[in-house]
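K.L.:
Chains as they are written, first to last, in my numbering: chain U, 1 to 242; chain R, 1 to 242; chain E, 1 to 242; chain F, 1 to 242.
No wet-lab data here; the hints were simulated from the structure. One or more hints might be untrue.
One copy or any two copies: either way a pair holds, since identical chains are not told apart in the list.
Simulated crosslink set (DSSO-like; lysine-lysine; CA at most 30 Å straight-line) [claimed, not checked]:
no. : residue 1 : residue 2
1   : Lys18     : Lys124
2   : Lys104    : Lys15
3   : Lys104    : Lys230
4   : Lys90     : Lys18
5   : Lys86     : Lys104
6   : Lys230    : Lys86
7   : Lys15     : Lys86
8   : Lys227    : Lys240
9   : Lys227    : Lys14
10  : Lys240    : Lys205
There are 4 protein chains.
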Amino acid sequence: MIRVTVWNENWHEKKDEKVIRIYPNGIHGAIAEGIRSEELSIRTATQDQEEHGLTEEVLDNTDVLIWWGHMRHHLVSDEIVERVRKRVWKGMGLIVLHSGHFSKVFKSLMGTSCDLRWRENDEKERIWVVDPAHPIAEGLGSYFELEREETYGEHFDIPAPDELVFVSWFEGGDVFRSGCTYHRGQGKIFYFRPGHEEFPTYYNKDVLRVISNAVHWAAAGRGATPKYGKSQALEAVSAKIS
Amino acid sequence: MIRVTVWNENWHEKKDEKVIRIYPNGIHGAIAEGIRSEELSIRTATQDQEEHGLTEEVLDNTDVLIWWGHMRHHLVSDEIVERVRKRVWKGMGLIVLHSGHFSKVFKSLMGTSCDLRWRENDEKERIWVVDPAHPIAEGLGSYFELEREETYGEHFDIPAPDELVFVSWFEGGDVFRSGCTYHRGQGKIFYFRPGHEEFPTYYNKDVLRVISNAVHWAAAGRGATPKYGKSQALEAVSAKIS
Amino acid sequence: MIRVTVWNENWHEKKDEKVIRIYPNGIHGAIAEGIRSEELSIRTATQDQEEHGLTEEVLDNTDVLIWWGHMRHHLVSDEIVERVRKRVWKGMGLIVLHSGHFSKVFKSLMGTSCDLRWRENDEKERIWVVDPAHPIAEGLGSYFELEREETYGEHFDIPAPDELVFVSWFEGGDVFRSGCTYHRGQGKIFYFRPGHEEFPTYYNKDVLRVISNAVHWAAAGRGATPKYGKSQALEAVSAKIS
Amino acid sequence: MIRVTVWNENWHEKKDEKVIRIYPNGIHGAIAEGIRSEELSIRTATQDQEEHGLTEEVLDNTDVLIWWGHMRHHLVSDEIVERVRKRVWKGMGLIVLHSGHFSKVFKSLMGTSCDLRWRENDEKERIWVVDPAHPIAEGLGSYFELEREETYGEHFDIPAPDELVFVSWFEGGDVFRSGCTYHRGQGKIFYFRPGHEEFPTYYNKDVLRVISNAVHWAAAGRGATPKYGKSQALEAVSAKIS
Numbered sequence: 001m002i003r004v005t006v007w008n009e010n011w012h013e014k015k016d017e018k019v020i021r022i023y024p025n026g027i028h029g030a031i032a033e034g035i036r037s038e039e040l041s042i043r044t045a046t047q048d049q050e051e052h053g054l055t056e057e058v059l060d061n062t063d064v065l066i067w068w069g070h071m072r073h074h075l076v077s078d079e080i081v082e083r084v085r086k087r088v089w090k091g092m093g094l095i096v097l098h099s100g101h102f103s104k105v106f107k108s109l110m111g112t113s114c115d116l117r118w119r120e121n122d123e124k125e126r127i128w129v130v131d132p133a134h135p136i137a138e139g140l141g142s143y144f145e146l147e148r149e150e151t152y153g154e155h156f157d158i159p160a161p162d163e164l165v166f167v168s169w170f171e172g173g174d175v176f177r178s179g180c181t182y183h184r185g186q187g188k189i190f191y192f193r194p195g196h197e198e199f200p201t202y203y204n205k206d207v208l209r210v211i212s213n214a215v216h217w218a219a220a221g222r223g224a225t226p227k228y229g230k231s232q233a234l235e236a237v238s239a240k241i242s
Numbered sequence: 001m002i003r004v005t006v007w008n009e010n011w012h013e014k015k016d017e018k019v020i021r022i023y024p025n026g027i028h029g030a031i032a033e034g035i036r037s038e039e040l041s042i043r044t045a046t047q048d049q050e051e052h053g054l055t056e057e058v059l060d061n062t063d064v065l066i067w068w069g070h071m072r073h074h075l076v077s078d079e080i081v082e083r084v085r086k087r088v089w090k091g092m093g094l095i096v097l098h099s100g101h102f103s104k105v106f107k108s109l110m111g112t113s114c115d116l117r118w119r120e121n122d123e124k125e126r127i128w129v130v131d132p133a134h135p136i137a138e139g140l141g142s143y144f145e146l147e148r149e150e151t152y153g154e155h156f157d158i159p160a161p162d163e164l165v166f167v168s169w170f171e172g173g174d175v176f177r178s179g180c181t182y183h184r185g186q187g188k189i190f191y192f193r194p195g196h197e198e199f200p201t202y203y204n205k206d207v208l209r210v211i212s213n214a215v216h217w218a219a220a221g222r223g224a225t226p227k228y229g230k231s232q233a234l235e236a237v238s239a240k241i242s
Numbered sequence: 001m002i003r004v005t006v007w008n009e010n011w012h013e014k015k016d017e018k019v020i021r022i023y024p025n026g027i028h029g030a031i032a033e034g035i036r037s038e039e040l041s042i043r044t045a046t047q048d049q050e051e052h053g054l055t056e057e058v059l060d061n062t063d064v065l066i067w068w069g070h071m072r073h074h075l076v077s078d079e080i081v082e083r084v085r086k087r088v089w090k091g092m093g094l095i096v097l098h099s100g101h102f103s104k105v106f107k108s109l110m111g112t113s114c115d116l117r118w119r120e121n122d123e124k125e126r127i128w129v130v131d132p133a134h135p136i137a138e139g140l141g142s143y144f145e146l147e148r149e150e151t152y153g154e155h156f157d158i159p160a161p162d163e164l165v166f167v168s169w170f171e172g173g174d175v176f177r178s179g180c181t182y183h184r185g186q187g188k189i190f191y192f193r194p195g196h197e198e199f200p201t202y203y204n205k206d207v208l209r210v211i212s213n214a215v216h217w218a219a220a221g222r223g224a225t226p227k228y229g230k231s232q233a234l235e236a237v238s239a240k241i242s
Numbered sequence: 001m002i003r004v005t006v007w008n009e010n011w012h013e014k015k016d017e018k019v020i021r022i023y024p025n026g027i028h029g030a031i032a033e034g035i036r037s038e039e040l041s042i043r044t045a046t047q048d049q050e051e052h053g054l055t056e057e058v059l060d061n062t063d064v065l066i067w068w069g070h071m072r073h074h075l076v077s078d079e080i081v082e083r084v085r086k087r088v089w090k091g092m093g094l095i096v097l098h099s100g101h102f103s104k105v106f107k108s109l110m111g112t113s114c115d116l117r118w119r120e121n122d123e124k125e126r127i128w129v130v131d132p133a134h135p136i137a138e139g140l141g142s143y144f145e146l147e148r149e150e151t152y153g154e155h156f157d158i159p160a161p162d163e164l165v166f167v168s169w170f171e172g173g174d175v176f177r178s179g180c181t182y183h184r185g186q187g188k189i190f191y192f193r194p195g196h197e198e199f200p201t202y203y204n205k206d207v208l209r210v211i212s213n214a215v216h217w218a219a220a221g222r223g224a225t226p227k228y229g230k231s232q233a234l235e236a237v238s239a240k241i242s
């Protein structure tokens with residue numbers, strides 16, 4: 001059983017009539033419902049909860065964390081960001097969706113600005129598989145399509161992905177590396193582009209399939225448990241230095 | 001159920017008293033026995049069999065092929081090599097062990113000479129985990145050790161691995177990228193260094209754990225099924241050109 | 001001074017009126033002229049010459065080889081292919097253009113089918129920079145455009161590039177990894193997509209800039225000179241085995 | 001002319017007799033002297049200077065920054081760290097040496113803990129070339145040696161390098177990925193392991209050769225200049241949100 005926590009900023013869903021109509025149970029609710037399976041134990045958490053819903057106890061019981069945020073990144077507490085980041089280093093899987101590219105968690109794990117080109121123009125997006133051996137692409141053909149989406153374009157300022165799984169084509173002339181994997185410590189990270197709040201993207205069966213595949217990939221095998229030591233040794237000494 | 005075929009050159013085990021004592025059932029037998037589990041359906045095949053034991057029917061029923069060869073690479077038929085290579089491209093996992101780095105199958109999938117430094121000096125080998133997030137390293141600590149092994153050294157003339165999982169240390173002064181993953185088409189490849197025929201390496205529990213982990217990794221999710229087309233179109237035309 | 005050899009199949013330029021009008025001096029002639037600079041010493045070679053123009057003497061005096069071929073890949077002799085491949089392994093740079101993805105040289109260095117989606121539909125191509133730190137992208141902005149080109153689409157069946165520099169967008173709905181680097185042995189390889197023979201692509205200043213950048217990148221620093229040894233040792237022994 | 005700034009914590013060189021004897025002009029002085037050439041314009045800067053010697057004016061005139069620090073990482077101001085990081089994103093090369101793996105600058109560019117195994121045991125280090133095509137390995141053979149060095153061991157908690165150039169072997173049983181390249185934005189980063197302050201490592205000709213090669217590599221071609229935009233657009237809006 002893989003324990004999944006779907007985290008959402010949950011702000012558009014309270015303020016914006018259009019979004020409320022599309023996601024009456026929130027984006028987190030739609031994703032949790034959409035990837036439901038016997039192999040997953042799913043809970044949700046939102047930014048407006050105590051500790052943003054990401055208490056030590058919740059993270060202790062999370063194998064894979066899914067993250068959606070957009071307008072309130074700056075209001076996520078640095079303490080929780082550091083807590084999540086350290087969990088990833090210790091093996092928790094992390095799936096960052098869409099505008100989550102600008103979340104403090106993602107930026108601090110990437111070491112780059114994570115900026116990109118961008119417009120809202122209701123364009124068609126085609127998501128092409130560029131690594132058909134990858135388990136995250138399981139069950140797809142050459143590509144799948146979203147009739148209308150927000151447009152993200154290159155250059156997407158991220159480190160070169162460990163594995164590039166998807167590249168998006170946009171009607172208006174842009175491309176985007178829309179499915180990217182990273183290892184950070186013992187943890188696995190997947191960034192997946194689609195999911196503008198004004199479109200019913202998280203009801204699309206291929207989008208849900210990819211998220212579900214990514215959950216299984218990120219949870220598969222926590223790998224090895226190395227021992228370090230320099231940090232501890234050094235901190236003891238350097239703390240005395242000024 | 002993952003269907004595994006363990007392939008072996010099976011030549012030392014017939015000629016060399018020392019090897020016969022260590023591997024009375026062949027290296028293929030030791031590996032098949034050593035990774036046995038309820039999740040795996042395992043068969044073996046050897047070079048001296050008809051079609052080297054790799055008939056279309058056998059490959060049709062193989063999810064992951066494990067390959068050990070050493071002195072008789074040049075006697076593997078090009079037809080079988082091409083058959084195996086195309087299966088990898090279509091999604092069959094391939095685990096190449098030790099001296100299999102010089103097999104025609106591996107070289108044709110790498111595009112390099114696959115040469116390396118080498119000596120037989122009965123040295124200690126320590127296999128260090130350099131990617132603790134990788135499922136192939138599942139269950140290990142910082143490293144594991146083999147009391148005596150044949151020495152391989154850098155430069156190992158391979159393409160930069162997609163993921164580097166292990167690096168070996170040898171008593172006599174060498175290092176070696178000993179656990180390397182690659183994607184080729186829809187197929188996943190893992191090269192794993194240990195396994196000189198004169199040592200009981202394939203009875204070592206950590207070596208067997210890695211091979212077993214690699215089987216699960218290579219079989220996990222066949223990914224997407226893209227459509228191509230240029231090859232077919234071009235061949236039809238160019239065949240007429242001289 | 002970097003010594004460059006521009007190699008061309010040189011077949012369309014003899015048979016096809018449309019191509020003859022665009023490339024009266026051949027594609028090789030246009031490229032040689034287009035990247036001319038004080039830092040480069042450029043010669044050309046064509047498939048119809050003795051040894052396809054790639055004698056030992058020519059390759060001895062080549063730092064970077066540029067390759068364009070299309071319809072007559074199957075008529076390039078295996079001996080010359082192996083000669084070129086071994087030169088790459090020893091440090092000669094190789095730039096493979098457009099339909100050269102199906103050349104024997106490129107396929108044997110990649111270990112994959114190198115197949116792709118394809119159509120001739122006179123579409124606009126936009127070539128996006130996805131690695132702005134890369135010297136091959138020197139001097140470009142976010143992207144550059146070709147008004148009409150042949151369309152190549154994913155999945156492009158290559159190994160994951162060591163570095164992905166460009167991704168193409170095509171009007172008709174496709175994307176393509178159109179600028180890819182690889183190391184093979186001591187040699188550097190760059191695959192660059194554009195260059196259909198029916199369009200004046202090799203007169204485009206950005207295309208020429210990229211090819212010129214790639215020549216400098218591929219020639220920069222031959223790196224280290226490792227010693228191997230296992231191949232020689234093994235061949236001496238295994239040649240006696242049947 | 002490449003403009004290089006060699007930055008040093010410069011603390012051991014003031015406090016520790018042993019280090020003062022080895023590096024009377026500081027580690028920065030030894031490196032500046034050791035890589036001197038007609039193609040480089042070199043200055044030094046130290047932590048104890050105003051703004052740590054890294055004023056806007058200095059960075060405006062720096063193509064490649066070399067960084068050595070050890071015990072006083074925590075005393076480098078966050079403002080200067082962010083200033084350096086943003087310069088890297090805009091194309092300044094960065095070479096991080098030895099214990100600089102724990103500098104705020106490096107950690108914030110990597111997104112990992114950068115921890116490692118460690119001991120001071122005066123062991124022999126052999127630095128093996130694993131990518132002989134790389135310009136940073138220019139002029140080396142299979143490996144070079146340092147008679148005595150501090151030991152760093154895996155797992156080194158960094159992102160998988162874009163290119164792995166060197167792997168170290170240590171007498172006492174460790175290996176280490178000791179030459180690692182990364183792209184971040186338009187900037188190139190090279191981490192190079194050797195350089196314990198108690199040994200004359202920065203007088204070693206191969207160490208100096210590698211640092212010099214890395215300077216040329218990091219300065220070569222600032223690549224492309226993409227335009228972004230989402231950050232600016234979003235910040236204008238989200239600043240108003242609470």
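K.L.:
Next, verify each hint and record whether it holds.
P.N.:
Hint-by-hint comparison with the structure:
no. : hint              : verdict
1   : Lys18 <-> Lys124  : within (19 Å within a copy, 36 Å between copies)
2   : Lys104 <-> Lys15  : within (23 Å within a copy, 39 Å between copies)
3   : Lys104 <-> Lys230 : both (27 Å within a copy, 15 Å between copies)
4   : Lys90 <-> Lys18   : neither (39 Å within a copy, 39 Å between copies)
5   : Lys86 <-> Lys104  : both (13 Å within a copy, 16 Å between copies)
6   : Lys230 <-> Lys86  : both (17 Å within a copy, 28 Å between copies)
7   : Lys15 <-> Lys86   : neither (32 Å within a copy, 35 Å between copies)
8   : Lys227 <-> Lys240 : within (25 Å within a copy, 45 Å between copies)
9   : Lys227 <-> Lys14  : neither (45 Å within a copy, 33 Å between copies)
10  : Lys240 <-> Lys205 : neither (57 Å within a copy, 35 Å between copies)
The structure shown violates the earlier hints numbered 4, 7, 9 and 10.
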